[in-house]
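First residue of the sequence shown: 662, per the numbering used here; consecutive thereafter.
Calculated from the structure, these hints are not laboratory results.
Capping the alpha-carbon separation at 30 Å, the derived lysine-lysine pairs in DSS-like fashion look like this:
no., residue 1, residue 2
1, LYS685, LYS705
2, LYS705, LYS690
3, LYS685, LYS697
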Amino acid sequence: MAKATKRTYRRRTDEERLAELEQKLEQMKQKVESRKRQDSPVLKDIPRVQKRLRRFAQLAVDHGREDLANSTLAFVAGLDRVFQEDPGRRRGAAIDDD
662 MAKATKRTYR RRTDEERLAE LEQKLEQMKQ KVESRKRQDS PVLKDIPRVQ KRLRRFAQLA
722 VDHGREDLAN STLAFVAGLD RVFQEDPGRR RGAAIDDD
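Start from the sequences, fold in the hints, and give me the full structure.
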């Protein structure tokens, strides 16, 4: 019979465990904050609208209307920016340079 090799374990330090817990806490805070948002149902539909608008932009290009495609893609980029925006930062809010 072959001799089994002993597995080695690496114990995490207290600092590593604390950092992991802080990361989980921050994720949970963000999840709770996103549930509180009044515009959450609107934000949930943005990816679907973006997909549809991209199809429209491609249709416009296929039929020689690059002007419509460019305008549509610019609007899609704006939607993406709103969708990716941090819920704590709104238009007109002060920006902190830390």
